[in-house]
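Trainee: Please work from the sequences and hints to get the whole structure.
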Amino acid sequence: MVSPCGGSGLTTVNLLAYRDPELFARLLRRIIPALEEQVQKLGRRVRIMEVCGTHTVSFSRTGVRQVLADFVELISGPGCPVCVTDQSDIDHMIAYAKRPGTVVATFGDMMQVPGSAASLRRQRAEGADVRVVYSPSQAVDLALENPQKQVVLLGVGFETTAPGVALSLKRAARDGVRNYFVYSVHKLTPPALKALVEDPDHRLDGFLLPGHVSAIIGRRGWTLLELLNQPAVIGGFEPLDLVVSVYRLVQEMKRPVRLVVNNYGRVVREDGNPAAQRLLEETFEAAPARWRGFGMLPQSGLEISETYRAFDARVALPVDRPVTKAVRGCRCGEVVKGKETPLQCRLFGTACTPERPLGPCMVSDEGTCSIYYQYERSHHRDRREEPHEDYALARGWRQPDA
Amino acid sequence: MCLAVPAKVLEVDPTRLRARVDYLGSQTVVGIALVGGVQTGQFVLVHVGEAVQVMDEEQARDGLALWREWLDDSEPAGLP
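Each protein sequence line maps, in turn, to chains A and B. Just so we're aligned, residue 1 is where the first sequence starts under this note's numbering, counting upward by one. Just so we're aligned, residue 1 is where the second sequence starts under this note's numbering, counting upward by one.
The set of hints was computed from the structure by calculation and includes no laboratory data. Some hints here could point you the wrong way.
[To be verified] The list that follows gives simulated cross-link-like pairs (lysine to aspartate or glutamate, DMTMM-like), each with its CA atoms no further than 25 Å apart:
| # | chain 1 | residue 1 | chain 2 | residue 2 |
| --- | --- | --- | --- | --- |
| 1 | A | Lys-254 | B | Glu-69 |
| 2 | A | Lys-254 | B | Asp-73 |
| 3 | A | Lys-254 | B | Asp-72 |
[Claimed, not checked] Output of the computed footprint for chain A on chain B, the stretches with three or more beta carbons under 8 Å from beta carbons of chain A:
| # | stretch |
| --- | --- |
| 4 | 7-14 |
| 5 | 47-60 |
Cβ coordinates follow ideal geometry from the N, Cα and C atoms, glycine included.
Mentor: Set out below in structure tokens:
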């Protein structure tokens, strides 16, 4: 067989073997009775939140969502950085594009996010200097190439992205780059999950934790969930990872005392990446941050530390606070908390599409609305009627309500 | 949320903390400041132009072997 990954043995293990269809079928056969048992016990499907947007994509693209649909309701969580960014921060970032002499450097998925009045793409069409960068170090290069301009990197992302931005700050400091700035809206994941657990309305049975955030913070980074006795599994993104993670999560639910299970050992260590953690501590400090849908969460954001304050766009390059208005009818704030699905939003697929998005959840490739638009629309009718909730009834496990 | 891709390290530049890597046949240069001591031939996970973790080959193999073993032990003999 010709491997699309260059044929090396290691690649085969890392990428392809975790996609082995034969092993997948065997695992599935073995796992389904355990899922069935849990469904029977609960009288409904198991509710699992996949925190990471990349997991949401993986479940849809691989078809594992459909394969498990009779047993597991997958609820997409706050795992898209652009989506959880508060509207006032988005407006603030767009305001930098209007500032004379400024180059805004951003990762691609911010471009089309609608602000209250415009988007970065629209600003660029009107003459603003907005550049899409692939890495933060490219933004430092831009600053060096444009010494008479101020370059502002939009620091959007979770624990996985922030170390790259931290490196760019260190490089700018070391090389004396005085026209490089970062507008940080970096966020920390565990405080958002804590807020979800503590929300009395929430009915989640467990969390599938983001694999690449965990690569940085380690299994140990989730002790907070252990203190809350929440079933949680760190998982990878291939089909075998997905199905085994769901199984291990259901097994964890059955235990009285729950530990955070690491099911992504080939990438996630107990302590994560200590070098990246040290770097974050040096360049950032944890601060309260405003999240879309959640509001203010304590110690959930990363502000640029005292030492690197000269590079903090908020401090060194302030812009007037723009007027922020919410988009009427947009349910993105509820979608990121997993309280509603995109299919429950009246704008979804009608007024709001990836071509003309009204909210950030429809823009980013990791946004729940965009993913559901791409993969789950055809099941729209089914989902509205929620036939799976009747699974227990149909099987006679639960008596119909009088 | 944090899409990261595995790439094979082809060449390490320890002074500039950069490495040439191969991702599905396309070559690119990534930062290795976060993965000190990474060696040629190892696989790294790349996010926003930085290698954020070295992939553990042994773990990758062990993980699969463990699940196969579990299946062999738990599947009744004679099942197709």
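Trainee: Work down the list of hints and note, for each, if the structure agrees.
Mentor: Verification of the supplied hints:
1. Of the supplied pair hints, the one linking A:Lys-254 and B:Glu-69 holds, its CA atoms being roughly 23 Å apart against a limit of 25 Å.
2. Using a Cα cut-off of 25 Å, the hinted pair A:Lys-254 and B:Asp-73 holds, with the two alpha carbons roughly 22 Å apart.
3. A C-alpha spacing of about 24 Å is found between A:Lys-254 and B:Asp-72, which places the hinted pair at or below 25 Å, so the restraint holds.
4. Under the rule that three or more residues need a Cβ within less than 8 Å of chain A, the assignment of the stretch 7-14 of chain B is violated, with 1 such residues.
5. Given a C-beta distance limit of less than 8 Å, the hint that chain A covers the stretch 47-60 of chain B holds, as 11 residues qualify and 3 suffice.
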